[in-house]
Amino acid sequence: MIELCPDTDAAVRGITDGATVLIGGFGRAGMPFALIDAVLQAGPRELTVVNNNAGNGTTGLAALLAAGQVRKMICSFPRQSDSFVFDELYRAGKVELELVPQGTLAERIRAGGAGIGGFYTPTGVGTPLAAGKEVRRIDGRDYLLEHPIRADVALIRAHVADETGNLVYRKTARNFGPIMAAAATLTVAEVDRVVPTGRLDPEHVVTPGIFVDRVVVTEQEAVA
Amino acid sequence: MTLSREQIAERVARDIPTGAYVNLGIGQPTRVATYLRPEQRVVLHTENGMLGMGPEAGGNDVDPDLINAGKVPVTESPGASYFHHADSFAMMRGGHLDVCVMGAFQVSASGDLANWHTGEAAAIPAVGGAMDLAIGAKDVFVMMALFAKDGAAKLVKECSYPLTGVACVSRVYTEHAVFHLTERGVVVTETFGTTLDELRARMDVPLLSPEA
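Those protein sequence lines, which keep their order, are chains A and B. Numbering (our numbering) for the first sequence: 1 to 224. Numbering (our numbering) for the second sequence: 1001 to 1212.
Possibly wrong hints are sitting among the right ones.
Said to hold, decoys possible - Derived list of chain B stretches under chain A, where covered just means 3 residues or more per stretch with a C-beta under 8 Å from a C-beta of chain A:
#1 1041-1055
#2 1060-1067
#3 1078-1084
#4 1119-1127
#5 1131-1138
#6 1151-1165
Claimed, not checked - Distance ranges between label pairs, derived from CB positions:
#7 A:R137 / B:K1138: 46 to 56 Å
#8 A:P128 / B:G1185: 22 to 32 Å
#9 B:E1183 / A:E203: 47 to 57 Å
#10 B:E1006 / A:D142: 36 to 46 Å
#11 A:R91 / B:E1158: 50 to 60 Å
Don't read these hints as lab results, they were simulated from the structure. Heads up, the beta-carbon is just placed ideally off N, CA and C, and yes, glycines get one too.
In isolation and in its complexed conformation, chain A is listed as follows (with noise of 0.2 Å):
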């Protein structure tokens, strides 16, 4: 059964120094900006954090970093326009970087949620990601060898939920959440409003309540 937050402090709560954290959103949409913020209240330390990217300006993901919290960063593509927060602590070595391509990572977080043990992916064949990787060749075609990206916590943001945890999403806000939502141990969600169960069309839901653990309605932020 899932957990109505009254806060987000409530829904944050439990989360352990050295944590793996999945956060959803590409860029600003969908990255659950209130969850961030209560992380950085609550303060755990030398996590390792699961984004496509490294963060944006000063808030969500970049204000983590820039607190410190962060040890590790999984993701695609740190390097933005607007990633100065990131871009600093990585020239001065406080924070590691395991740089992954980004259907690989989506493909990687799928597989942890779907209790798959690994892949072999075309992706990244012949080039510097592919080091240290084992390399199988199938029907004449190599590909490497991935492994499965389990956390403990994955922090989302959907758009709906009803009181049993199933979750819409919005526009392209959707990216990780779906998947994210499904490869961690404590899944929570911060959405737009909740109904009662009942009132979302089974046949819309996108992520089915059985992945989700608290949910907590948020104000959405208002664009920068």
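Based on these hints, arrange chain B on the given structure of chain A.
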């Protein structure tokens, strides 16, 4: 006359097959969308999770939940759909996209692509979806300036920059010429304000004429 960047985008747009599913990379390739004609019925894919992407959004149409891979606000076209990242990259890796258009630092005669990292120690590496697109799309078109600022050709025998993908590029569109990378070699199908012999004089890669 050599082509302007806009004219290169227009030239690429003309070669997109009717009804194709297409991914346009961040930066200059995005400009190709401007020149696609409605009768081409092209469906644009953006890897953050959308098919049927419409033009860039402006004014009241801006929705922070609706952006493209370059994180620019965009709009929906009729028939659009949304999906999560694993599905989006299944479309790419799984060979479902007909064409992708990307920029490049270098392309080799055998179609190797280098477009994600300069290899400089101080550079922060970022790959995004480039490697998935490179090996996944049925056709990879590159649009780029043919020569670097120091005059060195960017269509080369072997890439010196770190690779994005091996033997994946099928065509290169530049301000001076269009190149088709074929099994028999690099075929120059069109030149703009230059000749095949002039290009041969400036490039190490053996160049073939379409008739050869």
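Hints versus structure:
Taking a C-beta to C-beta cut-off of 8 Å, the stretch 1041-1055 of chain B contributes 5 residues in contact with chain A, enough for the three needed, and the coverage statement holds. Counting residues of the stretch 1060-1067 of chain B whose CB lies closer than 8 Å to any CB of chain A gives 6, which reaches the minimum of 3, so the coverage claim holds. Check result for the stretch 1078-1084 of chain B against chain A: holds, 3 residues qualifying (beta carbon to beta carbon below 8 Å, three or more required). Residue count for the stretch 1119-1127 of chain B with a Cβ under 8 Å from a Cβ of chain A: 6. That meets the three needed, and the coverage hint holds.
Only residues whose beta carbon comes within less than 8 Å of a beta carbon in chain A count, and the stretch 1131-1138 of chain B has 4; three or more means the coverage holds. Counting residues of the stretch 1151-1165 of chain B whose CB falls under 8 Å from any CB of chain A gives 4; the rule of at least 3 is met. The hinted window of 46 to 56 Å between A:R137 and B:K1138 is violated, with their beta carbons roughly 22 Å apart. Checked against the hint of 22 to 32 Å, the pair A:P128 and B:G1185 passes, with Cβ atoms roughly 27 Å apart.
Taking 47 to 57 Å as the suggested C-beta distance range, the pair B:E1183 and A:E203 conforms, at roughly 48 Å. For B:E1006 paired with A:D142, a C-beta distance near 38 Å keeps the hint of 36 to 46 Å intact. Separated by about 31 Å at the C-beta atoms, A:R91 and B:E1158 break the suggested range of 50 to 60 Å.
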